[in-house]
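Asks: Chains X, V and F are the protein sequences, given in the same order. Going by full-length UniProt numbering, the first residue of the first sequence is number 1, and it counts up by one from there. Going by full-length UniProt numbering, the first residue of the second sequence is number 1, and it counts up by one from there. Going by full-length UniProt numbering, the first residue of the third sequence is number 1, and it counts up by one from there.
Mixed in with the good hints there might be a few duds.
[Claimed, not checked] Below 30 Å or equal to it, Euclidean Cα-Cα: the simulated DSS-like pairs (lysine-lysine) are:
1) K89(V) - K21(X)
2) K426(F) - K36(X)
3) K36(X) - K112(V)
4) K411(X) - K426(F)
5) K426(F) - K323(X)
6) K21(X) - K152(V)
7) K323(X) - K295(F)
To be clear, the hints were calculated from the coordinates, so they are not data collected in a lab. Predicted model, so just to flag it, every value in this text is computed and none were measured.
As a plain string of letters, each chain reads:
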Amino acid sequence: MTDISHQSAPQSRHAGSLLQKDSRTVRRNRAEARFKIYGIFAIAVGMLMLAVLVYNIVTRGVGAYSQTFITLDVELLESKLDKNGNRNLEEIKKVTTFGYAPLIKNAFEKKVEELGIKTPLKPKDQAAILSKSAEAQLRDFVIANPDKIGETIEFRFLANSRVDGYMKGRVTRESIANDKSISVEQLDLVDQLHKAGVLNKTFNIDFITGADASDQRPEAAGMGVSMIGSLFMMLVVLALALPIGVAASIYLEEFAPRNWLTDIIEVNISNLAAVPSIVFGILGLAVFINYMHLPMSAPLVGGLVLTLMTLPTIIISTRASLKSVPPSIRDAALGVGASKMQAVFHHVLPLAAPGILTGTIIGLAQALGETAPLLLIGMVGFIASNAPDSIASGLLSPNSAMPAQIYEWAKRADPAFYERAWGGIIILLVFLVTMNTVAVILRRRFERRW
Amino acid sequence: MNDMSRLEKAVDTRQTKIAAKNVQVYYGDAHAIKDVSVEIEDNTVTAFIGPSGCGKSTFLRCLNRMNDTIDICRVEGDILLDGEDIYDKRVDPVQLRAKVGMVFQKPNPFPKSIYDNVAYGPRIHGLARNKAELDEIVENSLRRGAIWDEVKDRLDAPGTSLSGGQQQRLCIARAVATEPEVLLMDEPCSALDPIATAQVEELIDDLRKRYSVVIVTHSMQQAARVSQKTAFFHLGNLVEFGETGQIFTNPKDPRTESYITGRIG
Amino acid sequence: MPTYWLVLSLLVLAAVGYVLGRNRALQTAGGDTRALHSLPNYYGLNVALTSLVPALGVLIVWMLVQPVFVDSRVSTLIPDSAVPEDATLDLVMSDVRRVADGLDEAVEQGALTPSEARQLDAEATDIRARLGEVGVALGSDVRPEVLRAAQRYRQLTSVGKTAMSIVVAVLALGGLAWSYSQTHKDFRARNVVEKGVLALLVVAASLAILTTIGIVFSMFFETINFFGLHSWKDFFFGSTWAPNFRGDSELSILPLLWGTLYISFVALLVSVPIGLFAAIYLSEYANGATRSFAKPLLEILAGIPTIVYGLFALLTVGPMLADVFAKGGLLGVEWMTGATSVVTAGVVMGIMLIPFVSSLSDDIINAVPQSMRDGSLGLGATQSETVRQVVLPAALPGIVGAILLAASRAIGETMIVVMGAGAIAKFSLNPLESMTTITTRIVSQLTGDTDFASPETLVAFALGLTLFVLTLGLNVLALYIVRKYREQYE
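In isolation and in its complexed conformation, chain X is listed as follows (with noise of 0.2 Å):
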């Protein structure tokens, strides 16, 4: 900084040559560097924890789409089935779940004979290893075809929640040392099965048709009919918060006039979007339910509530699309004599179609993934055991929804249950990212430059 320059700027302190840095520059560029690198850092965080909730996703739920299996070859003993033997529907349906263990425990115990493998189990602790669910299944079986009663039908039953996790590696012999519902002969078992191909880990279509299980059967649990549940209060959602929506964004941007009322109605719908979703689940059980008495955990009420929620999401959006078509179109329509009404839906209405659809997609999915107002409304822990019949009991009996069955998951002490819940959420996920690609896509192909 000291030396004099050549030039004649006696007052310049910036002399000395520009190809040099002088200290504070080096100093300053360092700052420089620094502040640059929080930045990539923030964003990086940000990736990184993105990557993390995928990875952990991805890795911890796929385990709920396959499933283990064990092949037996069940004889459907008349005896115990249809003493009488006149194929009754009524006489058949009267024995229990409880008469169809012993027919299981006699295959199971056959098997394994017929395998050759030793093992210091007694039959009913061998045939343990399967799920709860067995007997039901074969029970359903024979009612759907009593015709088969004396015959050997070869069964895929489902291994109980404990043989599955230790195919995929949760349950080892060391994390069972307390549990009194698997034994280290028993998964030695498991793995003599294994070795000869009868117990085997395949995809499991049932976790992404099935009703939720109890708490004893984590190995039956699947998505399906809460999917269902979340279908209908979609359409509810879709039948209700679509028109209205609409409705109201025409009239604030189109025909309202600017007084206190309308400022007031703006400042509303601004701040609705921004109360926390628990608010509308206590609306939705004060006014449904205990009001106007709809019945609790329907899809009709769920939908009802996440109407109330999505509209001002969907109004904000459509009233954006509506402002973008420009005021010349108006005009123009106007201009030819056409009244107010007609040039609004004539002209603008479907000029602005594209974005409102976009708006009402991204609504939807936000709707879709929302849990808390369903607890409030009693959407969950309701297990429902078969799909609806009908358009009104889709609607109107109880069922669940798919966030709030995650939920239900989460909350079960068997840790088989977390499997299927992360499950859950790729099945989630994979709806909301089809709809946001849908959004986008729509976005990007409709959009128009003014």
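Given chain X's structure and the hints, the job is docking chains V and F onto it.
Replies: Leaving out everything else, chains V and F in the frame of chain X:
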């Protein structure tokens, strides 16, 4: 002010401060500046004139590498400041801009107090060792910006509370405070009323004693009033460059003549 | 379901009206559409809307009002003596409704004839068993008063339903007839229809207001009930949250508020620096390619449902923290007792809020005029000096608004805290202890068996109202600040 008296001042020979040789500027595929060579002298006001979009502002921004902030902008050719290439890889634009200050078209005071606006440059460049020195720099700069008397009682007021003309003089004071050697001014009076314009023009003439001033303007009268040298740009080309008096009274190029007489522009 | 049929026939009637109106208009014009005042469709629409809309409106209002009316009439039938010690009128009324519904169900399935159902005698028949046969489970035996009330309930409801059907049908047919008689080639059908449509649009727009009113009232009245049963002083100024069903609960919001604010604070501690720096980098440094790649990726985090974050907290982050800080963990300390804690919920919520903070800040930083940056860079400031000393101070009010919005999000967030924060209400500074929040308690007080006469259930409404007021206040303030900020640079 008498134009002729100004011309007489500009006669003595001065050293070259900035020398630009064969400068090309591209915005993406568009060729914005075509092969411009110009020499800017010390202690002189040089005016760039020309119709809008002719590249005069773009060229001005090359002189302190403000174009670096635009991603798609690419500069070729040599621009030498005191004989050193400012586009050399070793040159830090930050250090360069401390030497080559800039005043913008629209007054852009920071949302800070008047004092902090002026002290901003000296602070980041570490020009003052203590508060007293900083106070002195601020006062001197405001005096040089010809605004000291108007703001000396309210240095804590926000810079945005001043009128347009005052804001622009504040921005000039802010640029002067970093002790630059060259001052670039991009249409400094286009957002100002005639009285404020007159004040700023007077100030520019005063600044010439210490700095080399380059001013972009599309007012020919202004160029004639304040500058000793004038460069006429048209469609990215430097059409003519010479003494202001000569350009305005006896242009060599027909395009310059057309512009000055108001046929193009 | 007769209501379905009613609605369906209304729609059919409207369709018929459309055709009739259109034809009549054309007829009066002698088949020449040019002689009509409006397009033929408008005449049809006029008839259809006039018959449909008032009838449908009355139907909806009737369905909302009738239950209240029936309830109030029926409840007079139940003497105070019939209300057991440990219950309230509301509970008895819900029994009445269940019995009435059961009888309906039995009639529908054919287990009872309608006249049998009307003449049932609680003394003579085991109603619980009869209803059990058709799949209606009752908690206890049916007492005579309840049965009588249920009979009355059924009677009133069916009378109401019949009356409703008649009124609605009359309205629809009347509307049809009247508008049909009005239809004439000179009738200004378009103007009338447009007025009607505009009215419908207004109704749709005011639904937003109605929702807010619904939210406020649904919580307000129950909150009043709660303060009737429980001291408001304890709620606002007490120090303990200890609900129990013996009736001596201490229900203070303060420990819950502490947990809520603590967790939100941790969440902001994570999300604000990361979100803000990400926004600065994206808007000031990143080139177009980086921006278009990083921004959507970050925003994916915002689109992930909160249940996913909740699961992440419960099953991944919580156990991971416990592996380090709990007994037998890596550090050999015992600062954590389970997987749930303030940090567990706070950190995960912070991750969720990163894109929220970054996209809001990004917008706000971009609103700072480029001329500010030019001014600073032109003086020889580095980019970081420009950001820190010019851009950020200029953007400060907007960023404060964004942080307030994020805080309001954090305070109202439910699933992450339900799964990650724990259930113990206490004042503690240790961020590794589990604490509980307002939203968590709302969920736990309102799920499972709820009794709307006990303060332990009703407190949820007071909590909800407090939460609503708190978040609304933050939002209004934040939106105001952000709007003022934007106006400054417009």
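Asks: Would you pick out the hints that fail for this structure and give their numbers low to high?
Replies: 2, 5, 6
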